[in-house]
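Undergrad: Residues per chain, in single letters:
Protein chains: 2
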Amino acid sequence: MSKLTDVPKRILIGRALRSDRLGETLLPKRIALPVFASDPLSSVAYAPGEVLLVLSIAGVSAYHFSPWIALAVVVLMFTVVASYRQNVHAYPSGGGDYEVATTNLGAKAGLTVASALLVDYVMTVAVSIASGIENLGSAIPFVVQHKVLCAVVVIVLLTLMNLRGVKESGKLFAIPTYVFVGGVFVMIAWGAFRGLVLGDTMRAPTADYQIKAEHQGLAGFALIFLLLRAFSSGCAALTGVEAISNGVPAFRKPKSKNAATTLSMMGLLAVTMFCGIIALAATTNVRMAENPATDLLKNGNPIGSGYVQNPVISQVAEAVFGKGSFLFVLLAAATALVLFLAANTAYNGFPLLGSILAQDRYLPRQLHTRGDRLAFSNGIVLLAGTATLLVVIYGADSTRLIQLYIVGVFVSFTLSQTGMVRHWNRHLAVEKDQAKRRHMIRSRAINAFGACLTGLVLVVVLVTKFTHGAWVALMGMCIFYATMTAIRKHYDRVAEEIAAPEGPSDDSVRPSRVHSVVLISKIHRPTLRALAYAKLMRSDTLEALTVNVDPAETKALREEWERRGIDVPLKVLDSPYREITRPIIEYVKSLRKESPRDAVSVIIPEYVVGHWYEHLLHNQSALRLKGRLLFTAGVMVTSVPYQLASSEAARNRARRRQEWSAPGAVRRGPAVERPKEPSAAKD
Amino acid sequence: MSKLTDVPKRILIGRALRSDRLGETLLPKRIALPVFASDPLSSVAYAPGEVLLVLSIAGVSAYHFSPWIALAVVVLMFTVVASYRQNVHAYPSGGGDYEVATTNLGAKAGLTVASALLVDYVMTVAVSIASGIENLGSAIPFVVQHKVLCAVVVIVLLTLMNLRGVKESGKLFAIPTYVFVGGVFVMIAWGAFRGLVLGDTMRAPTADYQIKAEHQGLAGFALIFLLLRAFSSGCAALTGVEAISNGVPAFRKPKSKNAATTLSMMGLLAVTMFCGIIALAATTNVRMAENPATDLLKNGNPIGSGYVQNPVISQVAEAVFGKGSFLFVLLAAATALVLFLAANTAYNGFPLLGSILAQDRYLPRQLHTRGDRLAFSNGIVLLAGTATLLVVIYGADSTRLIQLYIVGVFVSFTLSQTGMVRHWNRHLAVEKDQAKRRHMIRSRAINAFGACLTGLVLVVVLVTKFTHGAWVALMGMCIFYATMTAIRKHYDRVAEEIAAPEGPSDDSVRPSRVHSVVLISKIHRPTLRALAYAKLMRSDTLEALTVNVDPAETKALREEWERRGIDVPLKVLDSPYREITRPIIEYVKSLRKESPRDAVSVIIPEYVVGHWYEHLLHNQSALRLKGRLLFTAGVMVTSVPYQLASSEAARNRARRRQEWSAPGAVRRGPAVERPKEPSAAKD
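Residue numbers (full-length UniProt numbering), protein chains in the order written: chain G, 1 to 683; chain F, 1 to 683.
Bound-form chain G, shown alone (with noise of 0.2 Å):
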């Protein structure tokens, strides 16, 4: 039956399970940036709107310094893809910054820089998905209506796709990916080329508002602090940089190399974008407000709150391109794209850092299973309900979302950098090669410098927003690291209760015979079953066991015993209240007190059946009773199943299940065996 439905599915699509096994392709570098760069590249879709914003407190006049802030994130991009240059040349096999702050700063910063990856996925999806509702909504004005119920739409097809394991591609990422930059380098060019050479004054649809600055004439600490404040938003350019150095095991050979060069030239492409979109928003006079609401005026009036502020980058695309035109719409669908893709990347990551931390026992074990679907599931669910859950308490609102994002990634950029340099230092001390103690000095000061700059970032993004909702991802922070060092210490403890005494003398526990009861309600091909497979362990003694919960019953039962001629004795226990669990749980108890060195094995029958309304109404007392005989000591249960013909349903969806290819299967690579030691490697 099976095999017959089986034959054109093959033909069609090849063995399941190889395809799944094929699928682990390594990545050429042209498909390796957009697979790896859709979080970093999306994020200049938000990132410049964020610094006008915050410059706007101060009035339009204060737009002036827009040009520095830009050259500041450039200065500080240029640093931070340094410093992952060296990540991904000294631990290539894909731990990422939770191994580099593990292996070189202990376990304590290792975690630290994990609870930072946990919180960031989650605000990588939240405040993707609502900068991607935000910029489709420039396009189609019924998406921005109905911003929550949109984003949170988008993210429950997200959450399905990834939790029935839709097979990846390369091209999947690929194609949305190239669309949007090709389409903001040709906004870019097409912008310079009618503003420099044509002389057209482009104009954004926001170009004749005022701003009312809430501090007008800001000077001193002040104005410092509204500066860095608009510098650590425009920070936000930088997240999901340090993805790539997660992922080295997914390049083709040379490897380390291969991911560095794509790392170059992701940052390349990053600030080539986010400055053009800035110079463009100057020069088209793009106007954005905090609270555009009160602080946007239109003829001296306030807008009012039924206005929606545009992202940057629709706005300057409508200035250059033309409202509604071809041009401007695909990069508007391109960008909402990339964002969601931005979104789908935390979705692979947040379960793949998940398996690293449960093989440090600092999550459920069942975790580390490659392409466990459960797990992956459990993962991507509790990832799904945190970002839904911030979405719909910020409104879907991103700018009020990525005042949560950078401090993740400014912890673990910080600590990880920081890790590194200790990484050289190691080295160095035991180096004796001239030449390669120069490589490692030289990476040793990029480290150095990226530590001190991306640590510098890290206070300021603190005191700088920490009321604005920086705390918030604190405090998810704190419970993550609390958590999992709970989980931690359970398994220590466990690990403790149950190692092996040495040496073999430890016979007091063990015991000297073993007593088998067969459970029997009917007799019926299951109970003939367990009955004979009960015989072939040859115990010490056997019986069979029922329980008397109808006496009518119990006495046909007795009489086909003995008419069948079964040759195993058959004890009844009698139950005046129809229980089943406390008679036989009371007579395996009197079993061992009778005889406290002899072990007691209960064989229960057990019906396999296919689905699971079937399993309400089959095995539920057996399940009951083998919970509670687990309690008891010095028993073993075994189950003795007898496979219904439904069963074949559910053996055919264990297998589906078998074969199901886990997300981010593509970023990840083949599989390969993480190594305990960090390799020395170098470029």
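Mixed in with the good hints there might be a few duds.
It does not matter which identical chain is meant; a pair holds if it fits inside one copy or across any two.
[Claimed, not checked] Subject to a maximum C-alpha distance of 27 Å in a straight line, what follows is the list of computed DSSO-like cross-link-like pairs (lysine-lysine):
(1) 626 / 522
(2) 555 / 489
(3) 535 / 593
(4) 171 / 257
(5) 489 / 522
(6) 555 / 589
(7) 571 / 555
(8) 589 / 535
(9) 108 / 489
(10) 29 / 253
(11) 589 / 626
(12) 29 / 257
Simulated from the structure, these hints should not be mistaken for lab results.
Given chain G, put chain F in place with the hints provided.
TA: The following block gives chain F in isolation, referenced to the frame of chain G:
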């Protein structure tokens, strides 16, 4: 540890197990009456009002028909009581209408009765709570302003109480019921005294309102139809009369006689209260309308949607005792409490009927186990969920809910009485004793009259109420009927599939040898125990099996294995994808393929932990593996538990769960065997 803390508890409340058993004392009549009568007696709180409501459609002049309708209800009540006195004598086992119908009319009739009763239990909860809230609301305005919320809160409280298994005592029922009955009688007596002796004019709060007849001057068929509809609404007073026939085993001896006497007392009380309230309503000029907002006029103008129509019983109490007087408030509180107790009886009846249906394999087998907490919980949650849904949909409006109520009651009345006629026919066919025959003929006549009258009422109810909501009740019955038929079919099919072939010649499927495999991840106490137990079983071959997910760990395991000199060969399976389940399943299958006549015994060491969150941290791979192994033919799976220290907590919890007392113990009486054949006892 556990023993020490148990001592004071045992001194204080006695040994839990014993007290559980002692709780099942038999009921004297004075306690049995309130235990069983809260449901039927409480219906006088809403039934009189329903009669007036329907009559008001033809205008206030139609109120003159109310004594005639009351008379019809009295005749019906006496008929039903007389009929059920026969049931109580003939079927003292407590099977109730379901047993009577099944035994005498066959399985389909029985299942119809069961479906009707299940719907009826749901409606009892919904109607009683809605009416209780309305009565409470006549004294506390807040309650009536938040009707739906309050009703849902009461349902949730009742549900929690029943899920926790609060110990019931007869007193719990006795006090509110007697206060309620006493209050109503004092009201009737005091009202009669004031009216007849003192000559006071008592006026209900609505006495001055006029009613706008929806159909003025109704005559002929239309009038008869309206009167029949009013009568069927009045029949709400009969709901719950059948409850005693389910509870005969709970009575003191002579059980049947005492139950019959209690039934008569209950009938007498109910009709007296019903008629008294109808008479007082007529005297005090109570005005009720189906749509009070438009049809109730004050000084010729519609009273508007802000008006809350209080129940008749509370309007009458206000007229007799005075608004806000102590007796008025006491009666309102007692009425509400009795109505909530009536709802509570459904919480007992629903799972109890479920357990009987489970015995006949119409519902999952585990429901059959008496006092099984999980089974009761599922039933209770289903009941509460459905009732909540109805309360929310119908806005906790007792008038609208009552339209759904009466169908189920009369379906079971009619089928049960028809069954009784068959019962007497069968017994008359073999009975020779003339005195007994006379008795039987008399009983048959009573039951035949009861069957005809209730059948007639059923037709009337269906015709007059079908479009008003009776169709919902019928649909509910169909759903229950279809589900139970499907479950029974499933059980029958499985029973056929697993039926043992006759004769001992079924050796072809019996394995000849057994190959044991112990799963090992690390060497610790649980695995050492599993190895020791596996050796005890003396299977034909024994090997230890580990999956190589981490080469370093596997190497360490191998070395320790040799160092400890464990005399079981260790087999290592490779798993490049860090999977655990698949390699083991494939290995077991390969063993089976090599020697198909051998069985494979897989022995899994398991941690037993005490808290649900610990389950998330342990045994997950083991559980999944077990689930998959059960689908593999020729395999048995043995769990060797290792009880961690924390498992003590769960052991205690399980013990408490065992000692849990199921709700409804009081009305169910002590455990007795339910006979397969009806006894022929009679009065």
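Undergrad: Determine for every hint whether it applies to the structure shown.
TA: Hints, one by one, checked against the model:
1. 626 / 522: both (19 Å within a copy, 25 Å between copies)
2. 555 / 489: between (54 Å within a copy, 26 Å between copies)
3. 535 / 593: both (24 Å within a copy, 22 Å between copies)
4. 171 / 257: within (22 Å within a copy, 83 Å between copies)
5. 489 / 522: between (47 Å within a copy, 19 Å between copies)
6. 555 / 589: within (26 Å within a copy, 40 Å between copies)
7. 571 / 555: Answer is within: at 12 Å inside a copy they meet the 27 Å cutoff, but 48 Å across does not.
8. 589 / 535: The answer is both: 23 Å in one copy and 22 Å across copies each meet 27 Å.
9. 108 / 489: Within one copy only: 13 Å inside a chain, 60 Å across chains, cut-off 27 Å.
10. 29 / 253: For residue 29 and residue 253, only the intra-copy Cα distance (10 Å) is at most 27 Å; the inter-copy one is 90 Å.
11. 589 / 626: Both: 14 Å inside a copy, 26 Å across copies.
12. 29 / 257: Intra 10 Å, inter 92 Å, cutoff 27 Å: intra-copy only.
Consistency note: the structure conflicts with none of the earlier hints.
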